[in-house]
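For the sequence shown, our numbering assigns the number 1 to the initial residue and increments by one for each residue that follows.
For the record, the hints were derived by calculation from the structure and aren't laboratory data. Keep in mind the model is a prediction, meaning the values are calculated, not measured. Do not rely on the hints blindly, as some may be mistaken.
[Unchecked claim] Simulated crosslink set (DSS-like; lysine-lysine; CA at most 30 Å straight-line):
(1) 168 with 232
(2) 110 with 232
(3) 168 with 8
(4) 120 with 226
(5) 110 with 120
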Amino acid sequence: MERFWLHKVSDAVCPGAYEVPRDLAIELHEFECTGSTNAVLMEMARRGAPIGTVVWAHRQEGGRGRLGRSFSSPVGGVYISMLVPCPTDPRDIGFALTAKAGVAVKRAIKDVCGVGCGIKWVNDIVMDGLKVCGILAQMVAREEGNVVVVGIGVNYATPLSCFAEDLKGVVGSLYDTDKVSTKDVPPMRSFVMALIANVYGLVCGSEACGEGFSRCAGKKEKSSAKWLCEYKGSSTILGNEVKVIQAGAVVGEGRAVLIDDNCHLHVLCDDGREVVLSTGEVSVRKRGLK
């Protein structure tokens, strides 16, 4: 286990981007392989692990995604779970918190790899139309106060040949090492540090200017949230014709027209209804214009 201060990581990776607590320590536990980093960290949380505890594995044998789906986790990926405070309103776990995590991952990719990615509602990170990252947040109830485990799985230097046939054309990799030399891949540890700095910077700190409650003027005051504007602007769904899927069934079709300040997706259906989605998923039926 390694222990270091968040503010030092933040200053090194993204100087000036966040104001973070000076007394928040990161405890990083690294594994070659585990069943699920979320499961490991949830058990640690039940036993009293502090905010700032991080579990990183190079491979998972039982990775899980949203809606109980399995999450393919071969060697070459980054599989990391971080313990963060629980939002005041637990409903924010599935939207505002995971949306922040999506923006944090997008920023970490840009910081280390120099690549711009999009975000498919709610929080899948996509590059060239292919999913390169999934995020799953799970609450842990405990007497001293609830906490949340934010699990992030990134196809970092994953050869696409590792994935099953049914995932081809669906998932991508930041560096497909079937085609890219490992010499051209930035160190994985640098990327892990960028994830830690950006996730904890957004969730436990504040953006230097423009977080939900800004400290720029020397006091907390409501302001425009930069991360929220970035989240909306990174959407790969808005303007597209989509199918609305709930409980595995298509319940509507129409155009994705808006992501509101609660990170809910508004779909104007073909039958004239406007559906506001706070759960479920969408698939693109036809590419449109934003």
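So which hints don't hold here, by number, going up? 3
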